[in-house]
Amino acid sequence: MANPEDTSPDSRNAKKPTPTELKKELEKLIKLILNEDDYTVHELNKAICILSSLKEKNARGNETTDEAIMVVSSLRELKIKESVPKEFKRPMSGEIMGDPVVVASGQLSQARNVGIVIRDGHSNDIRMAETYNCPSIEECFRQGHKTRPKTKQELTNSLLTPNNLLKNIIDSVLDNKAVFKLLEPLDVPGNACLNLDLQPDIITTVRNILISNLLKNIIDSLLDKMMSSSLSDQKSSAKTLRQLTKQYPLSRDLFGNEAVSKLLEPLDVPDNACLDLDLQLDIITTVFNISLPQGNKKVVAENLFVIPILINALRTGTSQTKSNAAAAIFRLSELDSNKTLIHESGALGPLIRLVGEGNSETMTDVCAAMFMLCWDGANTVAHREKAVSDGAVRVILRKVKDDDFLDLLLPVLATFSSLPSAAEEMRKMGAVGCLLKIMESGDKDSNAVKSCAAILRNICLYDKDELKEVKQEEAANGTIASVALRGTQKGRKKRHWIV
113 MANPEDTSPD SRNAKKPTPT ELKKELEKLI KLILNEDDYT VHELNKAICI
163 LSSLKEKNAR GNETTDEAIM VVSSLRELKI KESVPKEFKR PMSGEIMGDP
213 VVVASGQLSQ ARNVGIVIRD GHSNDIRMAE TYNCPSIEEC FRQGHKTRPK
263 TKQELTNSLL TPNNLLKNII DSVLDNKAVF KLLEPLDVPG NACLNLDLQP
313 DIITTVRNIL ISNLLKNIID SLLDKMMSSS LSDQKSSAKT LRQLTKQYPL
363 SRDLFGNEAV SKLLEPLDVP DNACLDLDLQ LDIITTVFNI SLPQGNKKVV
413 AENLFVIPIL INALRTGTSQ TKSNAAAAIF RLSELDSNKT LIHESGALGP
463 LIRLVGEGNS ETMTDVCAAM FMLCWDGANT VAHREKAVSD GAVRVILRKV
513 KDDDFLDLLL PVLATFSSLP SAAEEMRKMG AVGCLLKIME SGDKDSNAVK
563 SCAAILRNIC LYDKDELKEV KQEEAANGTI ASVALRGTQK GRKKRHWIV
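Sequential numbering from 113 applies to the sequence shown in the numbering used here.
Hints listed in this document are in silico derivations from the structure and should not be mistaken for laboratory results. Heads up, a few of these hints could be off.
Straight line, CA to CA, 30 Å or less: simulated DSS-like cross-link-like pairs of lysine-lysine [unchecked claim]: (1) Lys513 - Lys580; (2) Lys513 - Lys498; (3) Lys140 - Lys167; (4) Lys374 - Lys409; (5) Lys410 - Lys358; (6) Lys374 - Lys328; (7) Lys583 - Lys511; (8) Lys498 - Lys410; (9) Lys328 - Lys258; (10) Lys136 - Lys167; (11) Lys513 - Lys410.
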């Protein structure tokens, strides 16, 4: 890799493009701009840079070059304006709104102060509320029109609500000083501007800053409403936050400790008094969403309310809420430093009870959370022993004997089987015969069958009598031998040991 500070003669005397080469490149760009609709600001900036270089190299004809630069610069401004989101424009003309207002409607549930609309029961999409430019919609009303100009839906009233948030966002987008300040590196005169590697990063930065500012304003407003004493305000805000954090990954990074506390405020009620299950579902799902980024896991888990509220949701929520709470615990436990905190908070007990309930809607996430929590470096043995003492082996093995959720439960059971206490409990419950039956009848490449072999090996390590039973079965049917050649090298070695 070249040294970025290389000052060798070769690097200082690097060949600069000739006027002929620049003109050929410019010709390609102009053809693209004139003949294609999908050219980008990148091509326009490059054309301006080349024209500026040619202007420096040729003192004559500068007037013509200046005119060309002006035309391409105008095209660039138009292209940048085209990139303004459609929600910022008038529905009919496409012009950017100067005074946005929201038109009331009985069919839409509006959060007017933040300019967001949710279509009740039909979609998870989040869109800006149906907003119009104030002078235009007022003129429609004066002319006696009672339908929406674009959708032709009948208007129930003519109440207009200023969309202040949207106006502020539009103003920030159109603030050339703010946006073009970030674009300055693209406008360096001369040959230097031909190195445009920075441009995609700068454009992305501008986009992300604008979107983040928009999302932060929205989230702050919604979190303030979560502190309201009005249940309807809390529910509408929670639903929007759930959808927002699902649809816009950038929004997840905007939740610090204070924001998380505000989000959970409606669920911090003594003895679950007046707990609204729909509200609980939306909040717990939002916690799951904001737990996805690696940088959030520590902040979210260490908030004093998060783990207790997730554990409470495992006990009191709907099936979907329980599943999402388990999924959130799984995601938070991906960070090793969170695992001890989650264990000490008592999460394993409710997870084990959910296994016993055997609900197909929750089982995948519950097993994933249990499996993750039982891998924690130096604390692994202690965590597994706690799970065994809480009844994990007993509950899981009962489900396995019922032939339920084998691909999910047997890998979890295999993690416990390395403990002598777990292996002994399995032996007493007659696990060996059950496991051999699964291996004989199941898909030899399945996780369930491979987990059975791992469990059998661990049981046989601690009990030679069970090893004899397994050997007798193997002599009669060759069950383990049929699995021994499959899977990883480590797994094959374990199965060969039994044989």
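Keeping to a limit of 30 Å between CA atoms, is the pair of lysine 410 and lysine 358 held or broken?
holds (20 Å)
Checking one constraint from the list: CA of lysine 583 to CA of lysine 511, max 30 Å. Satisfied?
holds (26 Å)
Holds or violated: lysine 136 and lysine 167, Cα atoms, limit 30 Å.
holds (15 Å)
Hinted pair lysine 374 and lysine 328, Cα distance within 30 Å
Roughly 14 Å separates the two Cα atoms, so the pair holds.
Lysine 513 paired with lysine 410 [C-alpha distance capped at 30 Å]:
Since the Cα atoms of lysine 513 and lysine 410 sit roughly 38 Å apart, the hinted pair is violated (cutoff 30 Å).
Going straight from one Cα to the other, do lysine 374 and lysine 409 come out at no more than 30 Å?
holds (17 Å)
For lysine 513 and lysine 580, compute the direct alpha-carbon distance and say whether it is at most 30 Å.
holds (22 Å)
Below or equal to 30 Å on CA atoms is what counts here, so check lysine 140 against lysine 167.
Holds. Lysine 140 to lysine 167 sits at ~18 Å (cutoff 30 Å).
Is it true that the CA of lysine 498 sits at most 30 Å from the CA of lysine 410?
Distance of about 23 Å is within 30 Å: holds.
Are the Cα atoms of lysine 328 and lysine 258 separated by 30 Å or less?
Outside the cut-off at roughly 35 Å; violated.
Restraint status (C-alpha distance of lysine 513 to lysine 498 at most 30 Å):
holds (23 Å)
In terms of the numbered hints stated before, the structure departs from hints 9, 11, listed from lowest to highest.
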